[in-house]
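Asker: Sequence:
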Amino acid sequence: MRNAIFFTFLLFLCFEPTFQQLSSRTERIALLDLRSSLGLRSRDWPLKSDPCLNWNGIECLNGRVIGVNVSGFRRTRIGSQNPRFVVDALANLTLLQSFNASNFLLPGLIPDWFGSRLRSLQVLDLRSCSVLGPIPLGLGNLGNLTTLYLSNNKLNGTIPSSIGQLVQLSVLDLSHNELSGSIPLSFSSLGNLSFLDLSSNRLDGSIPPLIGSIRQLQNLNLSSNNITSSLPASLGDLEKLVDLDLSFNSLSGPLPQDLRSMSSLVRMVVGNNLLGGSLPEDLFPRLRQLQAVVLRDNGFTGAVPDVLFLTPQLRLLDISGNNFTGMLPNSSSNSNSTDGTLNISRNMFYGSLTPVLRRFNAVDLSGNYFEGIVPNSVPMTASLESNCLQNVSSQRTLEDCSSFYTSKGLSFDNFGKPNSEQPPLAEKSGKNNRKVIILASVLGGVGFIVLLVFLIFLLLLYKGGKSASTNQRGVSVGPIPPASSDSPTGLSINFASLGDAFTDKQLLQSTGGFIDENLIKLGHSGDLFRGVLDNGANVVIKKIDLRTVKKETYLVELDFFSKVSHTRLVPLLGHCLDNEHEKFLVYKYMPNGDLASSLVRKTNVDDENIQSLDWITRLKIALGAAEGLAYLHHECSPPLVHRDVQASSILLDDKFEVRLGSLSEVCAQEGDGHQNRISRLLRLPQSSEQGSSGSQTSVCSYDVYCFGKVLLELVTGKVGISATPDTQLKEFYDQTFPFISIHDKESVGKIVDPNLIVDEDFMEEVWAMAVVAKSCLNPKPSRRPQMRYILKALENPMKVVREESSGSARLRATSSRSWNAALFGSWRQSQSDLTVVPAATMSKTAGGSFKQSGTSGSQGSAQNNSGDVSSRRRHSKEIFPEPQDEQGERAEYHYQ
Numbered sequence: 001m002r003n004a005i006f007f008t009f010l011l012f013l014c015f016e017p018t019f020q021q022l023s024s025r026t027e028r029i030a031l032l033d034l035r036s037s038l039g040l041r042s043r044d045w046p047l048k049s050d051p052c053l054n055w056n057g058i059e060c061l062n063g064r065v066i067g068v069n070v071s072g073f074r075r076t077r078i079g080s081q082n083p084r085f086v087v088d089a090l091a092n093l094t095l096l097q098s099f100n101a102s103n104f105l106l107p108g109l110i111p112d113w114f115g116s117r118l119r120s121l122q123v124l125d126l127r128s129c130s131v132l133g134p135i136p137l138g139l140g141n142l143g144n145l146t147t148l149y150l151s152n153n154k155l156n157g158t159i160p161s162s163i164g165q166l167v168q169l170s171v172l173d174l175s176h177n178e179l180s181g182s183i184p185l186s187f188s189s190l191g192n193l194s195f196l197d198l199s200s201n202r203l204d205g206s207i208p209p210l211i212g213s214i215r216q217l218q219n220l221n222l223s224s225n226n227i228t229s230s231l232p233a234s235l236g237d238l239e240k241l242v243d244l245d246l247s248f249n250s251l252s253g254p255l256p257q258d259l260r261s262m263s264s265l266v267r268m269v270v271g272n273n274l275l276g277g278s279l280p281e282d283l284f285p286r287l288r289q290l291q292a293v294v295l296r297d298n299g300f301t302g303a304v305p306d307v308l309f310l311t312p313q314l315r316l317l318d319i320s321g322n323n324f325t326g327m328l329p330n331s332s333s334n335s336n337s338t339d340g341t342l343n344i345s346r347n348m349f350y351g352s353l354t355p356v357l358r359r360f361n362a363v364d365l366s367g368n369y370f371e372g373i374v375p376n377s378v379p380m381t382a383s384l385e386s387n388c389l390q391n392v393s394s395q396r397t398l399e400d401c402s403s404f405y406t407s408k409g410l411s412f413d414n415f416g417k418p419n420s421e422q423p424p425l426a427e428k429s430g431k432n433n434r435k436v437i438i439l440a441s442v443l444g445g446v447g448f449i450v451l452l453v454f455l456i457f458l459l460l461l462y463k464g465g466k467s468a469s470t471n472q473r474g475v476s477v478g479p480i481p482p483a484s485s486d487s488p489t490g491l492s493i494n495f496a497s498l499g500d501a502f503t504d505k506q507l508l509q510s511t512g513g514f515i516d517e518n519l520i521k522l523g524h525s526g527d528l529f530r531g532v533l534d535n536g537a538n539v540v541i542k543k544i545d546l547r548t549v550k551k552e553t554y555l556v557e558l559d560f561f562s563k564v565s566h567t568r569l570v571p572l573l574g575h576c577l578d579n580e581h582e583k584f585l586v587y588k589y590m591p592n593g594d595l596a597s598s599l600v601r602k603t604n605v606d607d608e609n610i611q612s613l614d615w616i617t618r619l620k621i622a623l624g625a626a627e628g629l630a631y632l633h634h635e636c637s638p639p640l641v642h643r644d645v646q647a648s649s650i651l652l653d654d655k656f657e658v659r660l661g662s663l664s665e666v667c668a669q670e671g672d673g674h675q676n677r678i679s680r681l682l683r684l685p686q687s688s689e690q691g692s693s694g695s696q697t698s699v700c701s702y703d704v705y706c707f708g709k710v711l712l713e714l715v716t717g718k719v720g721i722s723a724t725p726d727t728q729l730k731e732f733y734d735q736t737f738p739f740i741s742i743h744d745k746e747s748v749g750k751i752v753d754p755n756l757i758v759d760e761d762f763m764e765e766v767w768a769m770a771v772v773a774k775s776c777l778n779p780k781p782s783r784r785p786q787m788r789y790i791l792k793a794l795e796n797p798m799k800v801v802r803e804e805s806s807g808s809a810r811l812r813a814t815s816s817r818s819w820n821a822a823l824f825g826s827w828r829q830s831q832s833d834l835t836v837v838p839a840a841t842m843s844k845t846a847g848g849s850f851k852q853s854g855t856s857g858s859q860g861s862a863q864n865n866s867g868d869v870s871s872r873r874r875h876s877k878e879i880f881p882e883p884q885d886e887q888g889e890r891a892e893y894h895y896q
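The opening residue of the sequence shown carries number 1 in the UniProt record's numbering; numbering runs sequentially from there.
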């Protein structure tokens, strides 16, 4: 026992320096001053505790402070009101080796005394601190500095040549600032530098010829500047270079042959410059480690060496937008990988498609002159338009293809059709054809007259219906195209109302070059990326590639935003339309993502515990979405149909307020709401009685059906219902609908989300929402409720299933009848909405349109307390008034 105690004591003595308290009174006072000037919270730096033992981010050695890390700390309320770069107390920490304040706001200038007072400093990290002004010359005196991060700030002026004195420096990151001037020649003295990032600044001049003397350099990023001249041959001396990015500059001239010495190179990006000439034949065979090559949008000419397509490690090859020509290698690579990306679009490649394409799973061959059939080795998702291929749509004209191949001295396959002319027809056949032509002309004339009379009749009927409904419309949104429109003709977009006009460079900087880490999701109308603007605002940027997306889609969306504005629609902050092939729309970032990702989520990636939205929040989300759809359906003229209502299009801000997204499919309702009347009259096939999901998506009843799936998802917690086709939901409906009955509250408990804890007070609201969802999912579109009634039902869910005076059987029966009249009966194409909902329930605006109660009032309706939601409930007769005829026909609803 004594030996064990003695051994423990020896261990304590050996490790005593690790647990030593702060021994310097001067340094303690300095830390307290720093705590005060930075406005740090007591939970991070508690006053009554020893800094070396209990303060977060403080590192000590032998009782002295050697490291201060406040990265990402939060200030006190008072400190956050006036953040400043006031760190004078650091001067008294004479042994300080590391100061990290990344992602901690320090607006102000870097003190020049850093270089004279912090001589022991080895690491200085001020990334994303809002630091401004020039880089102080004194930093060049920090002879022990090995790591210097100053990226993502507002630094300006030139890069001081004194930085070249930091001979111990291994990491230098000055990217994403406003630095100007040329790269200092003194950088050639940084012999230990392994990481150099000067991207996204305003640097000009040329790349220093002595750059090759930095032999330890592994990462070199000079992209998004205005660097001119040609590439220095000395780049080839960087034998340890792994990553080279010189894109988005003004570099000119050819690729130097000497680059072949960079045997360790993995990534080579020199796109969007003014480079030209042919590729050196002996360049790429030496670069065997290459995984990514980007030469896009330059002026390269000639053939591409076969080895570039066949490099074993290659995962990305983008040489689009050049003047390359020639044929693809007629062999495949030894690599078995099929996860690569190939983009050789907008060049002059020709010939047939070869097996080399099978190693890539993402292929863009558009804008070339390939001919022949498309082999199985080409991925199904490949972009092939604007070529000369057989049996593929959107190809070049016969004249264009023939002319190109003739200029090459080659024959064109004529899209697989015979080149010889057909023999002349016999005289008898000619006579028969003349008879057919005469007969067709007569029948065509008669048919034209009949069609003209029919169209005049429809026009008169349409105008009569339109004049009757004009007084019931609200906001005029102009000529939003219908769903069947192939082109946005007639659009008059007011760009002044569409936010800021951004540049390509701004958006590239905000997303880090649209890297995969910032990809939110791949959308059908464009890919969504998260970005951070120069002012620190978080945004979502939709990147629209017009080579893969219908060109009119973004114009229709811009036209929509220029005419429609509502708090329930996701805010459009701006756009960038400068690029010919890519367009960008910038939206406000929604911190809580969409309903699909927020309804049920894991609390930790490595943990199986899940966090589920509470009922108050779910009801709040349902109300917000209903408000947005009611605005589109009932307050816009013509009525607008969302057409993509699902959980992923319901976006949630930091307070779980709803903002409807996925607005690229919005269109005017077909027939301006009179389609059903005309269909019934003429017995057209597009009648109001369609399939369960509504095969016609450009009518408001389709939105109602999709919204019913969202409500069912909120009730059951079955994630993905709203995004699942109805063909796959039949079994789910059959198992769920029998438990939803307006006469039985208890049965709905069997389908409620098991992660949802609902007490007795809220169970009736869950029951009511399930009943509303079932009514929206009526297989007959004409018997689905209008969105205005759905909104009122969700605002007063209790009135869906019971009267306030539950003791009276007569009143309970009346409640059910009122629900049928007001909700289930709302689709009956009454000549006036007032026959269902009297004028007492709605107020008219000055323009004669109805203003619905609660349309803009649900914000803040459910801030995690029941009082807010409860306060929205009105007396039942305001929402579901008693019908004038108690013996009237009940609305039919059967779904077995």
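In short, the hints are calculated from the structure, not lab data. Do not take every clue at face value.
[Unchecked claim] Okay, the calculated beta carbon distance ranges per label pair:
(1) 119 - 228: 48 to 56 angstroms
(2) 600 - 74: 46 to 54 angstroms
(3) 257 - 202: 55 to 63 angstroms
(4) 230 - 181: 29 to 37 angstroms
[Claimed, not checked] Keeping only pairs whose Cα atoms sit at most 25 angstroms apart, straight-line, the calculated DSS-like set for lysine-lysine is:
(5) 750 - 718
(6) 408 - 505
(7) 730 - 750
(8) 521 - 543
(9) 588 - 550
(10) 563 - 588
These numbers were taken from a predicted model, which means no experiment stands behind them. Each residue gets a CB set at the ideal place from its N, CA and C atoms; glycine is no exception.
Asker: Compare the structure with each hint and give your call.
Answerer: Consistency of the hints with the structure:
With their beta carbons about 38 angstroms apart, residue 119 and residue 228 fall outside the hinted range of 48 to 56 angstroms. One distance hint, 46 to 54 angstroms for the beta-carbon pair residue 600 and residue 74, is violated here, with the actual separation near 29 angstroms. Between residue 257 and residue 202 the Cβ separation comes to about 31 angstroms, which falls outside the hinted range of 55 to 63 angstroms. For residue 230 and residue 181, the Cβ-Cβ distance of about 20 angstroms falls outside the hinted range of 29 to 37 angstroms, so the restraint is violated.
The straight-line distance between the Cα atoms of residue 750 and residue 718 is roughly 13 angstroms, inside the 25 angstroms bound, and the hint therefore holds. Note on residue 408 and residue 505: the hinted pairing is violated, with a Cα-Cα distance of about 39 angstroms set against a maximum of 25 angstroms. Proposed proximity of residue 730 and residue 750 is supported: the alpha carbons are some 18 angstroms apart, at most 25 angstroms. Restraint check: the Cα-Cα separation between residue 521 and residue 543 comes to about 11 angstroms, which is no more than 25 angstroms; the hinted pair holds.
Between residue 588 and residue 550, the direct Cα distance comes to roughly 24 angstroms. Compliance with the 25 angstroms bound is thereby established for this hinted pair. Annotation: proposed proximity of residue 563 to residue 588 holds, straight-line Cα distance about 18 angstroms (limit 25 angstroms).
Checked against the numbered hints given earlier, this structure breaks hints 1, 2, 3, 4 and 6; the rest are met.
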